[in-house]
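A.B. asks: Spelled out, the chains give:
2 protein chains.
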Amino acid sequence: MPKFMDVHTDLKGLDQAKLEAAHRADVEIQAQEGVRFLHAWADPAAGKVFCLSEGPDMDAVKRVHERAGHSPDEIYEVDLETE
Amino acid sequence: MPKFMDVHTDLKGLDQAKLEAAHRADVEIQAQEGVRFLHAWADPAAGKVFCLSEGPDMDAVKRVHERAGHSPDEIYEVDLETE
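Top to bottom, those sequences are chains A and B. The letter at position 78 of the first sequence is residue 81 when you use the numbering used here, and the numbering goes up by one with no holes. The letter at position 62 of the second sequence is residue 65 when you use the numbering used here, and the numbering goes up by one with no holes.
The shape of chain A in the complex, shown without the other chains:
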């Protein structure tokens, strides 16, 4: 299943509790779209959040985020990866 990295901006003042609450809101409804959010990383000073997910397509990921109340500013299908 394809993976996606989406980016949220302008979220300055984010803290661990807010990040977890936002992530939980995605996870609670993600099955409706066949999406699985895998990880999120945030820079609270810059107001930037990166979410890694997998799902059937980019629109499905966007719909989960939209319904959870936080549409991403950018989203990329990350077909390549390495570690």
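Derived by calculation from the structure, the hints in this document are not laboratory data. The reader is advised that the hints may include incorrect statements.
No farther apart than 25 Å at their CA atoms in a straight line, the calculated lysine-lysine pairs in the DSS-like style are these [said to hold, decoys possible]: (1) B:K65 - B:K15; (2) A:K6 - B:K21; (3) B:K6 - A:K15; (4) B:K65 - B:K21; (5) B:K6 - A:K6; (6) B:K15 - A:K65; (7) A:K65 - A:K15; (8) A:K6 - A:K65; (9) B:K65 - A:K15; (10) B:K15 - A:K6; (11) A:K21 - A:K65; (12) B:K6 - A:K21; (13) B:K65 - B:K6.
Distance windows between CB atoms, simulated [to be verified]: (14) B:G72 - A:P59: 31 to 39 Å; (15) B:A34 - A:A24: 34 to 42 Å; (16) A:E23 - B:P5: 16 to 24 Å; (17) B:G50 - A:I32: 29 to 37 Å; (18) B:K15 - A:D76: 19 to 27 Å; (19) B:Q19 - A:K21: 34 to 42 Å; (20) A:P59 - B:L41: 21 to 29 Å; (21) A:E69 - B:D82: 21 to 29 Å.
Not everything, but these chain A residues come out facing chain B in the computed CB check (under 7 Å) [unchecked claim]: (22) M4; (23) M8; (24) A43; (25) W44; (26) A49; (27) K51; (28) E69; (29) D76; (30) Y79; (31) V81; (32) T85.
Each residue gets a CB set at the ideal place from its N, CA and C atoms; glycine is no exception.
Fit chain B to the known structure of chain A by using the hints.
C.D. replies: Coordinates of chain B only, in the frame set by chain A:
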């Protein structure tokens, strides 16, 4: 140790071999700066690469990427994360 997410743009036409070669170039010299590159994800159609690393500070991560020949366009200290 802090974690960082850096972003490279305008790398259209990237493929798995090029991504791995670029990542290897970082990994070969990362110990000089006390940095560890953990994972990289790429969207070859958009020319976007996201690299997750840990290291003593942002400048150390930047120096590794610079010496490896691919300075990032953006870099964020991702103090918060969740899965």
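A.B. asks: Does each hint fit the structure? Answer for all of them.
C.D. replies: Each hint, compared with the structure:
Straight-line distance between C-alpha atoms of B:K65 and B:K15 comes to about 21 Å, which keeps the hinted pair within the 25 Å bound. Annotation: proposed proximity of A:K6 to B:K21 holds, straight-line Cα distance about 19 Å (limit 25 Å). Between B:K6 and A:K15, the direct Cα distance comes to roughly 18 Å. Compliance with the 25 Å bound is thereby established for this hinted pair. For the hint pairing B:K65 with B:K21, the CA-to-CA distance comes to about 20 Å; that is within 25 Å, so the pair holds.
Using a Cα cut-off of 25 Å, the hinted pair B:K6 and A:K6 holds, with the two alpha carbons roughly 21 Å apart. Pair hint B:K15 plus A:K65 holds up; C-alpha atoms about 23 Å apart against a cutoff of 25 Å. With a C-alpha separation of about 21 Å, the suggested pairing of A:K65 with A:K15 holds against the 25 Å cut-off. Taken as a hint, the A:K6 and A:K65 pair is honoured in the structure, with Cα atoms around 13 Å apart against an allowance of 25 Å.
Straight-line distance between C-alpha atoms of B:K65 and A:K15 comes to about 23 Å, which keeps the hinted pair within the 25 Å bound. Simply put, B:K15 and A:K6 have alpha-carbon atoms about 18 Å apart, close enough for the 25 Å limit, and the pair holds. At roughly 20 Å between alpha-carbon atoms, A:K21 and A:K65 fall within 25 Å of each other, so this suggested pair holds. With a CA separation close to 19 Å, the supplied pair B:K6 and A:K21 stays within the 25 Å bound.
A distance of roughly 13 Å separates the Cα atoms of B:K65 and B:K6; the hinted pair therefore holds under the 25 Å criterion. About 36 Å separates the C-beta atoms of B:G72 and A:P59, a value consistent with the hinted range of 31 to 39 Å. Range check, B:A34 to A:A24: about 38 Å between beta-carbon atoms, so the 34 to 42 Å window is met. The hinted window of 16 to 24 Å between A:E23 and B:P5 holds, with their beta carbons roughly 19 Å apart.
One distance hint, 29 to 37 Å for the beta-carbon pair B:G50 and A:I32, holds here, with the actual separation near 31 Å. Separation of B:K15 from A:D76 is about 20 Å and conforms to the stated range, judged on CB atoms against 19 to 27 Å. At about 36 Å, the CB distance of B:Q19 to A:K21 agrees with the hint of 34 to 42 Å. Our hint of 21 to 29 Å for A:P59 and B:L41 holds, since their Cβ atoms are close to 27 Å apart.
A hinted range of 21 to 29 Å for the beta carbons of A:E69 and B:D82 is consistent with their spacing of about 26 Å. For A:M4, the shortest C-beta to C-beta distance to chain B is roughly 14 Å, which exceeds 7 Å, and the interface hint is violated. Taken as an interface hint, A:M8 checks out: its beta carbon lies about 5 Å from the nearest beta carbon of chain B, inside 7 Å. The restraint placing A:A43 at the interface with chain B holds, with a minimum CB-CB distance near 5 Å, inside the 7 Å limit.
The beta carbon of A:W44 comes within 4 Å of a beta carbon in chain B, closer than 7 Å, and the hint placing it at the interface holds. Nearest Cβ of chain B to the Cβ of A:A49: about 5 Å, under the 7 Å cut. The hint holds. The restraint placing A:K51 at the interface with chain B holds, with a minimum CB-CB distance near 5 Å, inside the 7 Å limit. For A:E69, the shortest C-beta to C-beta distance to chain B is roughly 20 Å, which exceeds 7 Å, and the interface hint is violated.
Hint on A:D76 is violated. Least Cβ distance to chain B is approximately 13 Å, over the 7 Å limit. Interface restraint check: A:Y79 against chain B, minimum CB-CB distance 4 Å, threshold 7 Å, status holds. At its closest, the beta carbon of A:V81 sits 4 Å from a beta carbon of chain B; the interface hint therefore holds under the 7 Å criterion. For A:T85, the interface hint holds, the least distance from its beta-carbon to any beta-carbon of chain B being 5 Å, beneath 7 Å.
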